[in-house]
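Protein chains: 2
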Amino acid sequence: MRAVRPFITELDDLQNKLLEMGGLVETSVHNSIRSLVDRSDSMLAGVWDAERRINRLDIEIDEAATRLLALHQPVAKDLRFLTASIKINSDLERMGDLAVNIAQRSISLLTRPSVGPLIDIPHMSRLVELMVHKALDAFVQRDAGLAENVVSSDDEVDELKDSISRELVQLLESGKTPVHTALDMIFVAHNLERIADHATNIAEDVLFLVKGVDVRHHHLSLL
Amino acid sequence: MRAVRPFITELDDLQNKLLEMGGLVETSVHNSIRSLVDRSDSMLAGVWDAERRINRLDIEIDEAATRLLALHQPVAKDLRFLTASIKINSDLERMGDLAVNIAQRSISLLTRPSVGPLIDIPHMSRLVELMVHKALDAFVQRDAGLAENVVSSDDEVDELKDSISRELVQLLESGKTPVHTALDMIFVAHNLERIADHATNIAEDVLFLVKGVDVRHHHLSLL
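Respectively, the protein sequence lines represent chains A and B.
Letter by letter, the first sequence follows residues 19 to 241 in this note's numbering.
Letter by letter, the second sequence follows residues 19 to 241 in this note's numbering.
Think of the hints as simulated: they come from the structure by calculation, not from any bench.
There may be inaccurate statements among the hints.
[Said to hold, decoys possible] Capping the alpha-carbon separation at 20 Å, the derived lysine-lysine pairs in PhoX-like fashion look like this:
{"#": "1", "chain 1": "B", "residue 1": "K95", "chain 2": "B", "residue 2": "K105"}
{"#": "2", "chain 1": "A", "residue 1": "K229", "chain 2": "A", "residue 2": "K95"}
{"#": "3", "chain 1": "A", "residue 1": "K35", "chain 2": "A", "residue 2": "K105"}
{"#": "4", "chain 1": "B", "residue 1": "K105", "chain 2": "A", "residue 2": "K105"}
{"#": "5", "chain 1": "A", "residue 1": "K152", "chain 2": "A", "residue 2": "K229"}
{"#": "6", "chain 1": "A", "residue 1": "K194", "chain 2": "B", "residue 2": "K194"}
{"#": "7", "chain 1": "B", "residue 1": "K105", "chain 2": "A", "residue 2": "K35"}
{"#": "8", "chain 1": "B", "residue 1": "K229", "chain 2": "B", "residue 2": "K152"}
{"#": "9", "chain 1": "B", "residue 1": "K105", "chain 2": "B", "residue 2": "K35"}
{"#": "10", "chain 1": "B", "residue 1": "K35", "chain 2": "A", "residue 2": "K105"}
{"#": "11", "chain 1": "A", "residue 1": "K35", "chain 2": "A", "residue 2": "K152"}
{"#": "12", "chain 1": "A", "residue 1": "K95", "chain 2": "A", "residue 2": "K105"}
Please model the complete structure; the sequences and the hints are all you need to start from.
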């Protein structure tokens, strides 16, 4: 028979699982881009292992959150923590898929001659990894300031993606870069941007958790 | 003073709001692609109106689900319905963003000469609209068979996207199609595929709701 565990311990476990997912996403993104910089696929195998672990955690977290809602019928902060966990879990699971997409583009790029410097992609990746890290830190520490910092970084990532895309379109138009190479790089930047969007979603959930105020679609209040 | 409304009425309201979001997504996708076929932007304005409405509904649904969890502390099917609603809501909100992305690509494509036939994009769009429609129908009717049908359609959409992308890469390589035009079309297909992925997520949530079995990452059970 399984011993009944205190509610607070269960909540801690849930949080630790979300943190583990965040760490796996961060490492997968880092290794996928690193493999492009080093032109080596040695770090890529870990990305698929990480995705399998992320997919298991996704199911475990949903089950645990639903079970805790049913058993403990929490209100106020604990209830908001559990609904936030369900949403953050879903973001992290998709970030794991996006990291795999990047790794697949990396493999494709490694089979072809180097396009030369990777433009701003490594810089963009560092920003995105940091956003993922800070969003999870903000969650653990219930730190609204850090969450706001993540939300405001999203614009910088969007601008970087736009400038990287413009450069790659020019390369395509010049006819000097193979189409597949430029397209793979456009999609790497695109996937990094989507990971940043999910980190922003997490930060917005943290703001709701801490402040009890929904900051999504905040422009609606001006309508 | 607001009269207390029966729990069952509140659950119905929540479901109707999710249905309204699904209808808005379906219409927005349809109109964005239709505008490409007709080469007319007259149907596009409604896409932005739809997105504003979707964003309002997103907030209303999250608030209602959290309030109902706190007030009624449901168990079993009602609890699963509410956690599924939170997840389906988040999928629909992102589908609304993706429909706007498609509309933006359509505007960009309408400013340039027609690329000629739109390859399989209108066909792919019809499939995706149908998936969205069926996923929401499956949710309302708690119809596991229909939900499974949605999940199995996802492969067909993926194949269509791959074949459309291949054709567009060939057009790019031939140098006969302007880079921006081909890229916009690649991203239209890409966004349609992502909408299909979200419809699949909804169908998987319906299967969990009906059967109480988590079908996501089902390959994990073979490990």
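Results for each hint:
1. Restraint check: the Cα-Cα separation between K95 (chain B) and K105 (chain B) comes to about 15 Å, which is no more than 20 Å; the hinted pair holds.
2. Taking the CA atoms of K229 (chain A) and K95 (chain A), the gap is near 10 Å; set against the 20 Å cutoff, the hint holds.
3. Our distance criterion of 20 Å between C-alpha atoms is met by K35 (chain A) and K105 (chain A), whose separation comes to about 14 Å.
4. A distance of roughly 7 Å separates the Cα atoms of K105 (chain B) and K105 (chain A); the hinted pair therefore holds under the 20 Å criterion.
5. Of the pairs offered as hints, the one joining K152 (chain A) and K229 (chain A) holds, with about 18 Å between alpha carbons and a cut-off of 20 Å not exceeded.
6. In summary, the hint linking K194 (chain A) to K194 (chain B) is supported, as the alpha carbons are separated by about 15 Å, within the 20 Å threshold.
7. The straight-line distance between the Cα atoms of K105 (chain B) and K35 (chain A) is roughly 19 Å, inside the 20 Å bound, and the hint therefore holds.
8. At most 20 Å may separate the alpha-carbon atoms for a hinted pair to count; K229 (chain B) and K152 (chain B) meet this at roughly 18 Å.
9. With a C-alpha separation of about 14 Å, the suggested pair K105 (chain B) and K35 (chain B) falls inside the 20 Å cut-off, and the hint holds.
10. For a cut-off of 20 Å, the pair hint linking K35 (chain B) to K105 (chain A) stands: about 19 Å separates their Cα positions.
11. For the proposed pair K35 (chain A) and K152 (chain A), the alpha carbon gap of about 16 Å is at most 20 Å, so the pair holds.
12. A distance of roughly 15 Å separates the Cα atoms of K95 (chain A) and K105 (chain A); the hinted pair therefore holds under the 20 Å criterion.
Of the numbered hints stated above, none is contradicted by the structure.
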